[in-house]
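Trainee: Sequences listed follow chains W and P, in order.
First residue of the first sequence? That's 1 in my numbering, and the numbers climb one at a time after it.
First residue of the second sequence? That's 1001 in my numbering, and the numbers climb one at a time after it.
Since the hints were made in silico from the structure, they are not lab data.
Here the structure is a predicted model, which means the values were calculated and not measured.
Ideal Cβ positions, reconstructed from N, Cα and C, are used throughout, including at glycine.
Some hints could be false.
Said to hold, decoys possible - Some, not all, of what chain P presents toward chain W, calculated at C-beta under 10 Å: (1) 1010; (2) 1016; (3) 1018; (4) 1023; (5) 1147; (6) 1221.
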Amino acid sequence: MPGLTSTEDALSSGIRPSRRGRNLSRRLGAAFWFAVPFVALAITWAVVVEVTGVEARTFPQITDVVRAFGEMWTSGEYLRHTGASLRRVVLGALIGILTAVPFGILLGSSRWASVFFAPLLRFSVALAGIAWIPLATLWLGFGERAVIFIVWNATFFALTYNAMLGVQRIPTQLLQAARSMGTSRPRMFVEVMLPGALPSIVTGLRVGLGYGWRGLVAAEIIATSAGLGYSIFLAQKFFRTDIIIVGMITIGLLWLVTDRALLAPLERRTVERWGMKAVIS
Amino acid sequence: MVRTFGPFVPVVLVWWVIAEAEVFPPDLFVGPGTVLAEFRELIAKGILPAYLSDSFTRLWTGVLFGLLIGIPAGFIVAMSRWARRLTWPLLLFFQAIADIAWLPIVIVWFGFSLTAVTFVIVYTIVFPLMISIVSGVEEVPKDLVQAARSLGAGRFRVFTDVIVPGALPAVATGIRTGLGYGWRALIAAEIIVGTSGIGFMMFDARRAGVVTGVFVGMIVLGILWYALDALILAPFERGTIERWGMVRTAEVGR
Chain W
1 MPGLTSTEDA LSSGIRPSRR GRNLSRRLGA AFWFAVPFVA LAITWAVVVE VTGVEARTFP
61 QITDVVRAFG EMWTSGEYLR HTGASLRRVV LGALIGILTA VPFGILLGSS RWASVFFAPL
121 LRFSVALAGI AWIPLATLWL GFGERAVIFI VWNATFFALT YNAMLGVQRI PTQLLQAARS
181 MGTSRPRMFV EVMLPGALPS IVTGLRVGLG YGWRGLVAAE IIATSAGLGY SIFLAQKFFR
241 TDIIIVGMIT IGLLWLVTDR ALLAPLERRT VERWGMKAVI S
Chain P
1001 MVRTFGPFVP VVLVWWVIAE AEVFPPDLFV GPGTVLAEFR ELIAKGILPA YLSDSFTRLW
1061 TGVLFGLLIG IPAGFIVAMS RWARRLTWPL LLFFQAIADI AWLPIVIVWF GFSLTAVTFV
1121 IVYTIVFPLM ISIVSGVEEV PKDLVQAARS LGAGRFRVFT DVIVPGALPA VATGIRTGLG
1181 YGWRALIAAE IIVGTSGIGF MMFDARRAGV VTGVFVGMIV LGILWYALDA LILAPFERGT
1241 IERWGMVRTA EVGR
């Protein structure tokens, strides 16, 4: 949300609090405004359920959900499922980053390799994630490995493709300048290409994780016996909508925090630091 | 057309070699020849066209409703400061709830039905679209709006002649993102809820241990989305950016 610009600050007259004070109050203000809609939503939810008297099986009251969360927490179930999902995402994404970034940069550094692989990569990105679930369960059976594979799959292709594109977009003068100074190949990769491609890589990470997270939930529903996806699917069989909603909110919060508190700022910072022209949407 | 599909020829060749050399066990990995044969058979039996049209109908119904709801809603929220403030965090949050995570509760509400699947797809499209539109409208440079007003344009004309074209690239991006999530959600839904459709076909083949069917499904899906994205959606997005966009967005693989 747009906050005060420094010009507005400068133009305001009168006694001004210290800069840190202003920053803090701005942040608190932003947090407040961010929370207000949720509070409003919670109130609306409670009121609507009371007024319409809809049965708990169809749509639970907010207190039911809180209670279900409490039960799941004390029984340790909540942490078990959330932990399982998080572990799979982190593993899949990490392996994805470690395999895709070097590979993508390598491809991007060679003209003919990029041209040859681009359509295949683009095709793979098009297919990434969920579409691989049947195949993954065939190759790896049901269970952990298949789920991690799906997350890896989603992040790998998006990252490789965008890393490759990123390197391709580095202005040739930069590359030539580095080469003319006698930069060795490894140093080229680490000090020129990697930073240069970083904005694209982060975008790729964001897209890949977006697909990967969804793939995770779907794969957990289909292929395992632990994890958030699995727990909400199990709850459906028993019409425990309160458990389902606990799961959904958890999933939402996890991705919201990952995307907004981690990935978006990372994207903005890398663009500011190394981005050269394009603005990533 | 040739440029888009031509470069796949060497890839298919490599694939063929790998399959022939039986680098992987043949019951887990088949070659292009087998896949093509299965493809032809599925078409001849009418299975593939039937499943394809099922999947398609579900997808396009969802997409249509998604667009009908998302575009107006997006603009309405975008144009009102209060609406934006109140709903923006909610939009972000609901978008963060992976669309597929809605399947269980939607199944509780609507059973294992077409409505359930359509709901999920509509959801998948609406939120990215709205978010894209709201940020797109916000990014329309204020000077343009003020310029139009100073020339005497009323609120309505400012909307139609400045805001809408200015936000069009964002609409295109939103649709592209939404569709990317949408068809994936469809496949997952078909596997979970399924009685027909490409997703169901793949999972059914997997259940029977017939990897060829899985390959056929994946390739058909890949080709369809690749073609749709490369031949229609991406050019549309680029076109709107070239025509009306003020900010160049990086080409992102989806």
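Trainee: Can you give the numbers of the hints that this structure goes against, from lowest to highest?
Mentor: Violated hints (numbers, rising): 2, 3, 4, 5; every other hint is consistent with the structure.
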